[in-house]
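Undergrad: Sequence:
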Amino acid sequence: MTHPTKTTATTDDPFLWLEDIYGDRQLEWVRAQNALTEDALVTPDFEDRERGILEVLDSTDRIPMAGKHGDFYYNFWRDAEHRQGIWRRTSWDSYASDDPDWELLLDVDALSAAEGTEWVWAGALFLRPAEGTPHARVLVALSPDGGDATRYREFDLGTLSFVEAGFDIPTAKSRISWAGEDTLYVGTDFGPGSMTSSSYPRTVRTLRRGGDLGSAEEYFAVDEDHMMALVLHDSTPGFERDLAVDTIDFYTRRSYLRQDDAWHLIEVPEDASISLHREWLIIRPRTDWTTGSTTHGAGSLLVIPLESFLAGDRSFVTVFAPDASTSLQSWSWTRDYLLLNLLHDVSSEIRILDPAKDWAAELLDACPPLHSVDAYAVDDEDDAAGNDYWLVATGFLTPSTLYRGTIGGESTAVKSSPSYFDEDLYAVEQHFAVSSDGTRVPYFQIAAKDLALDGGNPTLLSGYGGFEHSMTPAYSGVIGRGWLERTTQDGRRGVYVLANIRGGGEYGPQWHRAALHADRHRAYEDF
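Residue numbering for the sequence shown follows UniProt numbering, beginning at 1 and increasing consecutively.
Label pairs and their in silico Cβ distance ranges:
1) GLN430 - TYR524: 17 to 23 Å
2) ASP101 - PRO418: 18 to 24 Å
3) GLU115 - PRO418: 33 to 39 Å
4) PHE432 - PRO14: 39 to 45 Å
5) GLY146 - SER91: 29 to 35 Å
6) ALA165 - ALA130: 19 to 25 Å
7) ARG25 - ASP71: 57 to 63 Å
8) GLY409 - GLU181: 34 to 40 Å
9) ASP313 - LYS357: 18 to 24 Å
10) ILE63 - THR290: 42 to 48 Å
11) LEU460 - PRO418: 20 to 26 Å
These are computed hints drawn from the structure, not numbers from a lab. Yeah, the Cβ is synthetic: ideal placement off N, Cα and C, and Gly gets one too.
Kindly generate the complete structure, drawing on both the sequences and the hints.
TA: Okay, here's the thing in structure tokens:
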């Protein structure tokens with residue numbers, strides 16, 4: 001009979017001394033290791049190549065991605081002049097122009113200097129205004145060190161200043177939602193017992209304007225050994241409701257709907273993802289789910305009227321069912337339509353679904369082969385723009401372009417990233433390798449069109465295979481200048497290969513699960 005071997009911490013590790021990452025001896029060791037790489041890779045043109053890469057990384061000629069709220073388009077921007085960044089906004093006509101006229105809202109560098117804290121921008125939570133009125137308040141999130149712990153402060157979009165005696169949640173790993181103009185749902189560090197063993201909020205409390213955070217009333221709580229508690233308020237007119245989420249771990253959760261002053265479990269598998277949109281409940285199971293006599297496959301997408309579901313009905317409409325080559329990556333609601341971002345053998349495909357026509361689907365003609373294209377709503381709160389969508393398209397040899405379109409209408413290019421190398425010299429191909437267990441694993445090859453297939457080409461092989469994250473085609477000026485244009489002494493250019501190994505999400509949750517735990521070796525075999 002064999003027994004498991006108990007493993008304990010040991011001081012026999014010959015590299016344990018490297019844990020002191022700032023020590024002189026340790027840094028000298030790092031310099032020696034770096035020297036080995038430099039001796040092997042630093043060629044006479046290295047400094048020129050390094051300058052070229054820095055030019056890409058430091059470039060301000062990139063797309064200023066913006067979020068629409070009311071009449072304005074908001075953007076956070078960093079550059080050499082604004083190291084910590086500026087938050088700004090502009091109108092649509094200005095944003096769509098070649099030289100937008102931005103209105104400065106908050107200068108994080110100046111704020112840091114004034115307050116003596118090096119703040120790092122962590123986003124903004126907008127309060128949905130009453131119909132017909134402009135957005136007036138946001139919660140600005142700032143981290144003192146760039147970590148998970150953030151401070152939330154109420155900001156006035158009229159005066160462009162923090163609200164005096166407004167909401168101000170101290171720095172912690174908080175999760176916050178607006179519940180109304182004068183109310184927040186706050187999960188934060190209230191003191192002993194208020195955080196989970198994962199150091200995230202265990203309880204969510206109702207904080208009213210002018211109230212004391214420490215005496216706020218508990219609204220929702222989870223077990224201490226779970227990951228996190230969260231309460232969200234849906235402010236859609238006619239569909240106002242509160243949703244609580246008990247995140248058990250990275251992949252499982254329980255969701256509750258507030259009704260009749262009590263929390264009611266939404267009875268779906270704990271590993272399923274859900275979302276609510278107006279009258280609809282949408283569910284994506286990560287494993288096969290049997291309801292009655294019907295089994296819904298892992299990675300499918302199901303919809304049903306929320307009220308019908310709560311009454312016990314399980315007659316879902318399957319709006320997407322995966323197959324051996326196609327998976328769902330994400331979805332986004334416009335006001336009246338559902339956008340599905342799919343991958344078909346790791347190339348993008350976008351479907352538009354119309355619930356008013358029994359979920360009739362049509363393809364959005366915007367996805368060339370071997371490219372990545374993502375579509376998402378511009379602003380589903382705005383009736384005038386409710387069915388507009390953003391489209392971000394890119395490829396290994398195609399700089400990113402931002403489009404704006406309307407469902408049923410045309411799309412127009414709004415912004416584009418620059419080219420950083422001569423893409424016409426190269427070609428993209430997709431191939432499939434066979435792993436140790438017979439699984440076909442796709443990979444992209446980017447190389448010179450005149451590539452000699454003799455096994456003598458310097459090749460940079462990249463992959464990920466984790467967290468159900470999909471590695472899709474994307475333009476990189478760094479890869480182009482730093483590797484594809486790099487030439488060996490015998491005149492060979494670099495080849496770049498991106499492998500879509502298991503553990504990722506390229507073929508849905510099953511592709512991810514295939515390389516977990518005892519099967520983790522499959523990711524390495526794929527690579």
